[in-house]
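Trainee: Sequence:
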Amino acid sequence: MTPPDNWRKSSYSGGGDGNNCVEIASGPTHIGIRDSKALARGALTFPTAVFTPFLEALKAQPPRP
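Per this note's numbering, the very first residue in the sequence shown carries number 1; after that it's consecutive.
Errors might be hidden in some of the hints.
[As the list claims (entries may be wrong)] Pairwise CB distance ranges, derived in the manner of DEER restraints:
{"hint": "1", "residue 1": "P28", "residue 2": "P63", "range": "29 to 37 Å"}
{"hint": "2", "residue 1": "D5", "residue 2": "V50", "range": "29 to 37 Å"}
{"hint": "3", "residue 1": "T29", "residue 2": "P65", "range": "21 to 29 Å"}
[What the hints assert, rightly or not] Below, simulated BS3-like cross-link-like pairs (lysine-lysine); rule was C-alpha separation at most 27 Å, straight line:
{"hint": "4", "residue 1": "K59", "residue 2": "K37"}
{"hint": "5", "residue 1": "K9", "residue 2": "K37"}
{"hint": "6", "residue 1": "K9", "residue 2": "K59"}
Derived by calculation from the structure, the hints in this document are not laboratory data.
Every residue gets a Cβ at the ideal spot worked out from N, C-alpha and C, and that includes glycine.
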């Protein structure tokens with residue numbers, strides 16, 4: 001599966017040029033996520049229906065020290 005090509009940066013990317021962030025792209029059947037600092041590493045893709053549960057699981061994790 002090739003992720004969509006309408007990448008946008010996270011609203012949490014910070015000031016300046018916003019290079020320290022995650023980018024997301026949405027399509028009709030899949031959501032793509034990639035690291036804006038390492039585009040050559042590719043992207044994770046998720047079926048649209050499982051993306052929200054994935055985010056909820058991340059939010060439920062305790063913060064790392």
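Trainee: If a hint holds in the structure, say so; if it does not, say that too.
Mentor: The hints, checked one at a time:
no.: 1; hint: P28 with P63: 29 to 37 Å; in the structure: holds (34 Å)
no.: 2; hint: D5 with V50: 29 to 37 Å; in the structure: violated (21 Å)
no.: 3; hint: T29 with P65: 21 to 29 Å; in the structure: violated (38 Å)
no.: 4; hint: K59 with K37; in the structure: holds (22 Å)
no.: 5; hint: K9 with K37; in the structure: holds (11 Å)
no.: 6; hint: K9 with K59; in the structure: holds (19 Å)
Hint compliance for this structure: hints 2 and 3 are not met, and every other hint is.
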